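Novice: These are the residues of each chain, in order.
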Amino acid sequence: MVNDLLNIFIPHIILILTIIAQLVLGILKPYSLAFKYKDINIRISNVVTIIGIIGAIAGTLYSSGDYAGFNYSMIVTSDVKALSVLVLICGLITVFLNTNLLRGNRQGCYKYHTLLLTALLGGICALGANDFLTLFISLESMSFALYFLIAFPKGYNSKEAGFKYLITNAISIAFFLFGVSYILGLTSSLNFTEITQILESERCSIIYAIASIMIFAGLGMKLALFPFANWILDVFAGSETSILNLLSTVPKIVVTGVLIRLLSGVMGFNAEVNAVILILGLITALWANIYAIKETNVKKILACSSAANAAYMIVILAVFSSFAASAVIFYLICYIFMNMGAFAYLNMIEPECKQLTLDKLSRTDSRLSASAFAVCCLGLAGLPATSGFVGKIFLLYSLLQSGLILLPIVLLLLLLFTTGLYFYIKLARSIIQTNQTVIHLHYKILNSFSRPVLLLMALITIVIGIFPINLIARCLLLFQ
Amino acid sequence: MFDFSNILSLPVLVFLPLIFGLVILMPFFPNNDIIVRRFAKGCIFVHLIYTLLFWIFYNDSFISLYAPDWIKTLGINFGFAMDKLALVFTVLTTIVFTLAGIASKLHIRHGQKYYYALLLFFETTILGIFNASDIFTFFLFWELELIPAYFLIGYWGEGNSAKKSAMKFILYTFLGSLFMLVGLILLHYFNFLSAGILNGQIGLYNLDKVSPELQILISILLLIGFGVKLPIVPIHTWLPDAHTDAATPVSMILAGILLKTGAYAIIRFNLQTLTEGFKYIAPVLAVFALINILYTALVAYAQTDIKRIVAYSSISNMGLILLGICSMNIIGLSGAVFHSIAHGLITAGLFAVCGIVLLRCRERNINKLGGIAAKMPRLFGFATVIVLASIGLPSLAGFVGEVISITGALASELSDYTKFTALLALPVLILSSCYMLKFLHRGFFGEEGECKPAADIANHEFVILFSIVVLLFILGCFPASILDIIQKISVTNGAVVW
Numbered sequence: 027m028v029n030d031l032l033n034i035f036i037p038h039i040i041l042i043l044t045i046i047a048q049l050v051l052g053i054l055k056p057y058s059l060a061f062k063y064k065d066i067n068i069r070i071s072n073v074v075t076i077i078g079i080i081g082a083i084a085g086t087l088y089s090s091g092d093y094a095g096f097n098y099s100m101i102v103t104s105d106v107k108a109l110s111v112l113v114l115i116c117g118l119i120t121v122f123l124n125t126n127l128l129r130g131n132r133q134g135c136y137k138y139h140t141l142l143l144t145a146l147l148g149g150i151c152a153l154g155a156n157d158f159l160t161l162f163i164s165l166e167s168m169s170f171a172l173y174f175l176i177a178f179p180k181g182y183n184s185k186e187a188g189f190k191y192l193i194t195n196a197i198s199i200a201f202f203l204f205g206v207s208y209i210l211g212l213t214s215s216l217n218f219t220e221i222t223q224i225l226e227s228e229r230c231s232i233i234y235a236i237a238s239i240m241i242f243a244g245l246g247m248k249l250a251l252f253p254f255a256n257w258i259l260d261v262f263a264g265s266e267t268s269i270l271n272l273l274s275t276v277p278k279i280v281v282t283g284v285l286i287r288l289l290s291g292v293m294g295f296n297a298e299v300n301a302v303i304l305i306l307g308l309i310t311a312l313w314a315n316i317y318a319i320k321e322t323n324v325k326k327i328l329a330c331s332s333a334a335n336a337a338y339m340i341v342i343l344a345v346f347s348s349f350a351a352s353a354v355i356f357y358l359i360c361y362i363f364m365n366m367g368a369f370a371y372l373n374m375i376e377p378e379c380k381q382l383t384l385d386k387l388s389r390t391d392s393r394l395s396a397s398a399f400a401v402c403c404l405g406l407a408g409l410p411a412t413s414g415f416v417g418k419i420f421l422l423y424s425l426l427q428s429g430l431i432l433l434p435i436v437l438l439l440l441l442l443f444t445t446g447l448y449f450y451i452k453l454a455r456s457i458i459q460t461n462q463t464v465i466h467l468h469y470k471i472l473n474s475f476s477r478p479v480l481l482l483m484a485l486i487t488i489v490i491g492i493f494p495i496n497l498i499a500r501c502l503l504l505f506q
Numbered sequence: 095m096f097d098f099s100n101i102l103s104l105p106v107l108v109f110l111p112l113i114f115g116l117v118i119l120m121p122f123f124p125n126n127d128i129i130v131r132r133f134a135k136g137c138i139f140v141h142l143i144y145t146l147l148f149w150i151f152y153n154d155s156f157i158s159l160y161a162p163d164w165i166k167t168l169g170i171n172f173g174f175a176m177d178k179l180a181l182v183f184t185v186l187t188t189i190v191f192t193l194a195g196i197a198s199k200l201h202i203r204h205g206q207k208y209y210y211a212l213l214l215f216f217e218t219t220i221l222g223i224f225n226a227s228d229i230f231t232f233f234l235f236w237e238l239e240l241i242p243a244y245f246l247i248g249y250w251g252e253g254n255s256a257k258k259s260a261m262k263f264i265l266y267t268f269l270g271s272l273f274m275l276v277g278l279i280l281l282h283y284f285n286f287l288s289a290g291i292l293n294g295q296i297g298l299y300n301l302d303k304v305s306p307e308l309q310i311l312i313s314i315l316l317l318i319g320f321g322v323k324l325p326i327v328p329i330h331t332w333l334p335d336a337h338t339d340a341a342t343p344v345s346m347i348l349a350g351i352l353l354k355t356g357a358y359a360i361i362r363f364n365l366q367t368l369t370e371g372f373k374y375i376a377p378v379l380a381v382f383a384l385i386n387i388l389y390t391a392l393v394a395y396a397q398t399d400i401k402r403i404v405a406y407s408s409i410s411n412m413g414l415i416l417l418g419i420c421s422m423n424i425i426g427l428s429g430a431v432f433h434s435i436a437h438g439l440i441t442a443g444l445f446a447v448c449g450i451v452l453l454r455c456r457e458r459n460i461n462k463l464g465g466i467a468a469k470m471p472r473l474f475g476f477a478t479v480i481v482l483a484s485i486g487l488p489s490l491a492g493f494v495g496e497v498i499s500i501t502g503a504l505a506s507e508l509s510d511y512t513k514f515t516a517l518l519a520l521p522v523l524i525l526s527s528c529y530m531l532k533f534l535h536r537g538f539f540g541e542e543g544e545c546k547p548a549a550d551i552a553n554h555e556f557v558i559l560f561s562i563v564v565l566l567f568i569l570g571c572f573p574a575s576i577l578d579i580i581q582k583i584s585v586t587n588g589a590v591v592w
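Protein sequence lines, in the order shown, are assigned to chains A and B.
Under the working numbering, the first residue of the first sequence carries the number 27, and numbering increases by one thereafter.
Under the working numbering, the first residue of the second sequence carries the number 95, and numbering increases by one thereafter.
Source of the hints: derived by calculation from the structure; they are not laboratory data.
The reader is advised that the hints may include incorrect statements.
[As the list claims (entries may be wrong)] From the derived model, a few chain B residues whose C-beta atoms are all more than 10 angstroms from chain A:
(1) Phe109
(2) Lys373
(3) Ile375
(4) Leu392
(5) Ala467
(6) Leu531
[What the hints assert, rightly or not] Residues on chain B that point at chain A, a partial pick, calculated with CB under 8 angstroms:
(7) Asp163
(8) Ile165
(9) Lys166
(10) Glu237
(11) Leu238
(12) Ile241
(13) Ile264
(14) Leu272
(15) Leu275
These figures come from a predicted structure and were not determined experimentally.
We put the CB at the ideal spot given by N, CA and C, even for glycine.
Excised from the complex, chain B in its bound form (with noise of 0.2 angstroms):
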C-alpha cells in the first residue's frame, strides 16, 4: 500500500494556499470571474483533503520536522512543529476555511482575483501561526495574518465604515502583538542567560531558574498581545466592529479562527511554557474570563444588529475557553480545546444564516426582520440546529464544550477563587438562550418584517449548512476524539501530553 506520510511535508501544509493564490494573480490566469472563483474553491478543497491525511496518518514524527536557520545568530529557526493541538486546529482552519470560500459566490462582487488571492494567502498565515515551532516564527505569521485580513475586511467589507473597522482591528492588533513581542524577546533572553543556549524552539524552554515575579511580567505581556485576538473584555472593542463591517465569509473566518489563534497560543506560551508564573495569573484571569462571559452576553442581548449578535455572543464563548483555560486542569483545558473547535464551526453557521438574511433581505435590524421561518423553512430548520448548539442543547457540540470548560473550572485546585468565578459563571447558560433565543425568534417567527425573502436557500449555501450541523452532530455525540487528545497535565512543570 502507498505509504502516505512520505508525501505529508508541513512546510508545503503551510504554503500551499500561498502557491495557489500566487498563482490567481499571475498575468497569464484568465481574469474571468467564474474561472477564479471555481479554480480558488478548488485550491481549498484540495488543501483540506491534504489535511485530513495529516488527521488520518498522524504520528508523532510531525513535532520539529522542519526547522532551518533563518536568523542564526540570534537562535531564531524559521521552523514548523505538529502536535495533536495544532493539528485538530490545523483542521478546523481548512475546515472553516473551505466553507468561507464557498460562501463568498454571492457575497463577493468585484476585485474577485485579489479577494481570493487575499484569502489563500490569509490560510497560510494561520496555519503558521498555529504550526510553528520557533517562537519568531510565530510571530511572524501573527504579524502576518494582520496584512491579508486588513484588505479582507477593509475592501470587500459590507458596512460603511468597513475601512474604519479594518484600520480599528490593525491598529489594536498590532500595538498587542508588539507588547507580545518584547514578552517573546524577554522570554527568548532569559532562557539564554538560565538556559546558556539561544533557542527559540517552542517546546524546549527551559525557565527553572526564571523568577516567578519575572514569568508573571512576561505572562503579562504576551496576554496583552493574545488578549487583543482572544478577546478579552477591556480589549475587545474592535471585534464587533470588525465583524458586523466585514463580508460575511470573512466574519466566518474571523470569528471561527481568528479568535482561536489567541487561545491556541495562550495554551502554548502561558500555560505550556510560563507555567509557573501562569499559576499566580490564573485567578486573575479567570475574572476577566467571567467579565467576558457575563457582561458581553448582557450587551448581546441589548443589540439589534444580527451580526452584532453573534459578535458579542463570540466574545461571550471566548470567555469561556479562557475559563477553561485557567483552571488549569485536564477537565478544564480539554474542555477549552473542544469548546475552540465547537464554537468555531458555530459561530461560522451563525454568521454563515445572517449572511444568507443579508442577502435574501438587505437588512440585518431584527426589529425589521421577521416571518422568514415561513418563506425559508430549509434556513429555519438549520438555523434553528445552530443557535441550540449555541445555547447548549445536548447531543449537539456546544453542550459539551460548555459543560466540560465550566466543570474544569470548578475542579480546579489552584485557589478557590477560581470555583467560585466558575459558579459565577454558570448563568451564562440562561443568558445565552436569551439572546440566542431573541435572535430566531424575532428573526424568523412571528408577523412578517419589512423584507420579503424570494427564495430559500441555494444549493451551495446548502452545502454550508449542512456541513456544519453534520459536524456538531458527531462532535456532539462522539467527543471523545478530541477530548481525548489531552493524556496528561502536570500544573507543577507544565507538561501537558498531548
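Chain A on its own, in the form it takes in the complex (with noise of 0.2 angstroms):
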C-alpha cells in the first residue's frame, strides 16, 4: 500500500520538498549578504530548483505500471506520466530562462521559485486527477501561483497583467463549479470513475449538456478559448517572457489532458456537447489568426498564435477518438518545443530592445541565433522539415479519419493555417532582415542559457520533423 502510494507521488513529494528547501533558503537570504558575489542567491535557487524538477522528472519515470490512490481520487497512467514529465520539462526550460527576470528583483528569487515550483505541482496533480474536487484545486494551486508570477516582475504592467488574469480566471473557474455542481447533482459523486458508471445507465439530459458545456467553459479559459478569449492579448504583452514561456505552455498541457480525460469520460456521452465545443475552437482560431493581421506587437502575435494553437487542438479533441488524442498529444510536444524557442529569443534581445514590436525588432549579431528563431516561427506555420509540418498532417489525417462530414471544417483549417502562415513568415522576416540596427549582445546574455535553449528547441523541431516515427509511434501507444 505504502509502496504503491510512493510509486505515484515520488515526483510530487519531490517538489514539495524542493518548495520547503526553497522557502527555508529563503528565510537564510540575509546570511548570503556576507559574500561579495551578488547573484550567489539567484544560482543557489536555481540549482536547488533544477535539481529538484529533474529529480521529479527521473521519479516520474521511475515508476512503472499503473496505479490508484486516495481513493481513486488520483491515478497514474501512461499518458499522465507523459504529459506530467511534459510539464516538468517546461518548468525546466523556464528556470533556464528566468535570468533577466531574477537579475530585475533579486531579493524575490527565493519567492519566485517557491512559486514556480507550485505551479508545476499544481500541474501535475491536475494532469492525474481522477476527481473534481482534486482536480479544481489543482487547477487553482497552479492559476495562483500563475497570477503571481505575471505580476512578479517590477513595474505597472505586470500588475495590471497579473489583475487581469486573476479576474478573468476568477470569473471561469465560477463556470467550472456550476458545472460541476449539476453533476454532483445528477449523479452525487465527483469521482470520474463512478460518474461515468452511473451515466452509462442512464439517458442524458439537457442539465447534463449544459453542466458539460459550463465545465468546458471554465477550462477554456485556460487556452483562451472563445468565451474568455480576450484577457490573452493584455496578459502576454504585459509579461516577462520566462513567465510568458511558462504561460503559454503548462496550462496548455494541463487542460489538454484533463480534457481528454473528462472527453473520454464524463462529457463523453452527448454528441451536442462535441458540437459546441466544436464550434468554440473553431470561433476562436479564426479570431486569433484574424487578430493577429494587422497586430506588430510580437508579445500579442504570440498570443495569438497560442489560441490558435489550443484552437486547433480543440477542434481535434471534439471529434474523439484514440487516434484524434494521439495526434493532439503529438501536435503538443511539436507545438511547446517550437513555442519556447520562439520565446527564448524574444527572451535574448527583450533586455537590449526597449520595443518588441515588428518593424522596431531588431536581430542580433549571432545569425545562428535568428536563423534558430526563423526555424521556430516557420515550424509553427507548419512548413516542411519541421515538427510543425508532421503535426498538421497528423492532426488533419485524424479529422478526415472520422469521415467526409468533416470536411467543410477542414477546409476553414485550411484557411486559418493560411492566414498563420501570412504573420509567422512576417515575423521570421521580421528578424533576418539585412537593413536593420543591430544589437551586439552583451556578453552576460550571451552566457546565459538563453541561446543553447533557443538552440536546443530548433534543434528538436527539425529532428522531430525529419524523424518523427519514434515519437508518434509512442503517442499512438499511450491511448491504445
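Build the complex from these two chains, which are given one at a time in their own frames, with help from the hints.
Specialist: Here it is in C-alpha cells:
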C-alpha cells in the first residue's frame, strides 16, 4: 500500500521537498550577504530548483505500471506520466530563461522559485486527478501561482496583467464549479469513474449537456478559448518572456490532458457537447488568426498564435477518438518546443531591444540565433522539415478519418493555417532583414542559457520534423 | 567497361545539390564572391553531368529504388523512384538550373553565399517533387520548395515590391497545397479502406472500389493545389507579380520548371491515379484550359512590361499543356509532355533575353525600348530564334508541342466538347504571334529608344542563349526521343506505360 502510494507520489513529494527547501533558503537569505558575489542567491535557488525538477522527472519515469490512490481520486497512467514529464520539462526550461527576470528583482528569487514549483506541482496533480475536487484544487493552485508569477516583475504593466488574469480566471472558475455542481446533483458523486458508471446506465438530460459545456467553458479559459479569449492579449503584452514561456505551455498541457480524460469519460455522453466544443474551437482559431494579421506587437502575435494552436487541438479533441487524442498529444509536444524556442529568442533580445514590435524588432549579431528563431517560426507555420509540418498532417489525418462530413471544417482549418503562415512569415522576416540596426549582445546574455535553449529547441523542431516515427509510435501507444 | 549504373542513386541525385549548398554555407568556406560563384556553378554543372548519366544508362530498375520507412504507422515512406516521365523532367530541371546558375553572374550583387546555397536547395526540392515515389514524400518536397522560392524572390528581387510578391506567391501556393494535402490524405485513406493496406506508393493505388463521385472530389481538391502552380486562370494572379519582381535567373527557374511541377502532378495524380474521376472532370478542365490560353494571350498583348509579357505568355502556354492532358489520349499527353520541356527552355530563354536587356538598358517598359537590334546584333539573333520558337515555327521545338497538344485534344474520345474546345483554342497560334512579335518589334526594331546599350552580350550570356537555341533546334528536328516515351495509355484503367 505504502509502496503503491510512493510510486504515485514520488514526483509530487520531490517537488514539495524542493518548495520547502526554497522557503528555508529564503529565510537564510540575509546570511548570504556575507558573500561579495551578488548573484549568489539567484544561483543557489536556480540550482536547487533544477535539481528538484530533474529529480521529479526521474521519479515520474521510475514508477512503472498504472496506479490509483486516495480512494481513486488520483491515478497514474502512461499518458499522465508522459504529460507530467512534459510539464516538468517546460518548468525546467523556464528556469533556464529566468536570468533577466531575477536580475530585476534579486530579493525575490526564492519567492519566484516557490511559486514556479507550486505551479508545476498543481499542474501534475491536475493531470492525475480522477475527481472534480482534486482537479479544482490542483488547477487553482496552478493558477494562483501563475497570477503572482505574472505580477512578479517590477512595474505597472505586470501588475495589470496579473490582475486581469486573476479576474478572468475567477469568472471562469465560477462557470466550472457551476457545471460541477450540476454533475454532482445528477450523480451524487465527484469521482470520474463513478460518474461515468452512473451516466452509462442513464439517459443524458439537457442538464448534463449544460453542465458539460459549463465545465468546458471554465477549462477553456486557461487555453483562451472563445468566451474568455481576450485576456490573453493584455496578459501576454504585459508579462515577462520567461513567464510567458511558462504561461503558454504548462496550462495548455494540463488542460489538454484533463480534457482528454473528461471527454473519454465524464463529458463524452452527448454528441451535442462535442459540437459546441468544435464550434468554440473554430471561433477562437478564427478570431486569433484574424487579429494577428494587423498586429505589430510581437508578444501579442505570439498570444494569438498560442490561442490559435490551442483551438486547433480543441477542434481535434471534439472529434474524439484514440487516434485523435494521440494526434493532439503529438501536436502539443511539437508546439511547446517551437513555442519555447520563439520565447527564448525574445528573452535574449528583450533587455537590449526596448520595444518588441515588428518594425522595431532588431536582429542580433548572432546569425545562428536568428536562423534558429526563423526555424521555430516556420515550424509554427507548419512548413516542412519541421515538427509543425508532421503535426499538421497528423491533425488533418485524424479529422478526415472521422469521415467526409467534417470536410468543411477541414477546409476552414486550411484557411486558418494559411492566415497563420502570413504572420509567422512576417515574424521570421522581421528578424532576418538586412537593413536593420544590429544588437551586439551583451556578454552576460551570451553567457546565459537563452541561446543554448533556443538552439536546442530549433534542433528538436527539425529532428522531430525529419524523424517523427519514434515519437508518433509512442503517442499512439499512449491511448491503446 | 566500368558499369555506370552502380553509381547512379536516386537519393544522391536528389540531395547532391543540398549537400553542395551546405558546403557553401559552412564557416570554413571562403567568403570571396568569385570563389562562391564559381564553386556553385561547378556544383550545378557536375550535377547536370550526373543527371545525364541517368538519361544514358536508364533502365527500369530505377522504379522504386529507395524507400525506407518514414512514418510507419501511417504507411508513409520516404521513397524515390524514377520512370521515363520523371527522367525527362529531371533532365529539364538540371539544364535550366545550370543556365540560371550561369545567368546569376551579373544579376546577383549581394549575399552571394546565401543566394547560391538557396538556389542549390531549391534544386533539391524540385528534383524531390519529380522523383518522389510516395505521396507524402511528394507533398514534403512540394511544400519545402516554398522556403527557398520565397527568399529567392523576396530578397534578390529586382522590383520594388519583391517582398510583397513573394508573400503573395507563398500564400497562394501554401493554401493550394493544403487543399492538396486534404486530397492526398483522402486518397491515402480511401485506398486503405478499399485495398486494406496502408501504403503511400504512387504507382500502387487501387481505387477500383472507390466511387467516381469521391474520386471527383479528391481530384478537385488536388487540382486546386496543382492549379495554383500550373497556373489555371482564376488562381493565377501570383504568377505575373512573382515572375516580374524576381531576379532574372529566378524568373527563369520559376517559369521554366516550377510551373511544370503542376503539369507533372496533374499527369501523375489526376490522370494516372484518379482516372475514373478525371474522365468526368477533363472536359470541364479543358474549358479552363481554353480560358487560360485565350484570356492570358490577350492580356499579354496589352502589357507594356517585357517581363510581364513573357509571364503571361507562360500562362497561355501552360493552358496548351493542360489541354493536351485533358484530351486523355496518347497524342495529347505526348504533346503535353513535349510542350512542357519545350516551353521550359523557351521561357527560360525569353527571361534570359529580358534580363540582358534589363541589365544593359535599365528599362522594362516596351514603349521606351527600341533599336536594340542595331546595337546588339548577337542578342537580336538569339532573341529572334527563341521568339519564333515560342510562336511555333516549324523545325523549332515550340511548333511540335503546340500542334500535337491541340491535335490530341481534337482527337479526344472523351466528349465532343473537348474537340470543340480544341477548335476554339486554335486562334492562340495567331494571338501568340501578335504578342511575341510585338515584343520583338517594339523592343528591337524601330527608332532608338531612351536606352543606349553599351555592349553586346558577354560570353557567359552567349553560352546560355546558344545552348537554348541548339536544344530548341534539336528538339524541333528530332522530337521522337521525347514523344516516344509514352508507349501505351489506356483510358479505362489509367495505365500509362512510360
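Novice: A separate judgement is required for each hint: does it hold in the structure or not?
Specialist: Going through the hints against the structure:
1. Phe109: Correct as stated: the minimum Cβ-Cβ distance to chain A is 12 angstroms, above 10 angstroms.
2. Lys373: The claim stands: Lys373(B) keeps its Cβ more than 10 angstroms from every Cβ of chain A (closest is about 21 angstroms).
3. Ile375: At about 18 angstroms from chain A, Ile375(B) clears the 10 angstroms cut-off, so the statement holds.
4. Leu392: 31 angstroms, holds
5. Ala467: Check passes; 39 angstroms lies beyond 10 angstroms.
6. Leu531: Check passes; 40 angstroms lies beyond 10 angstroms.
7. Asp163: With a closest approach of 7 angstroms, the Asp163(B) hint holds.
8. Ile165: 6 angstroms, holds
9. Lys166: Cβ of Lys166(B) sits 6 angstroms from chain A, so the hint holds.
10. Glu237: 4 angstroms, holds
11. Leu238: Where the cut-off is 8 angstroms and the nearest Cβ of chain A is about 5 angstroms from Leu238(B), the hint holds.
12. Ile241: 6 angstroms, holds
13. Ile264: At about 7 angstroms, which falls below the 8 angstroms cut-off, the nearest Cβ of chain A leaves the hint on Ile264(B) intact, so it holds.
14. Leu272: With a minimum Cβ separation of about 4 angstroms from chain A (threshold 8 angstroms), the hint on Leu272(B) holds.
15. Leu275: 6 angstroms, holds
When each numbered hint is compared with the structure, no violation occurs for any of them.
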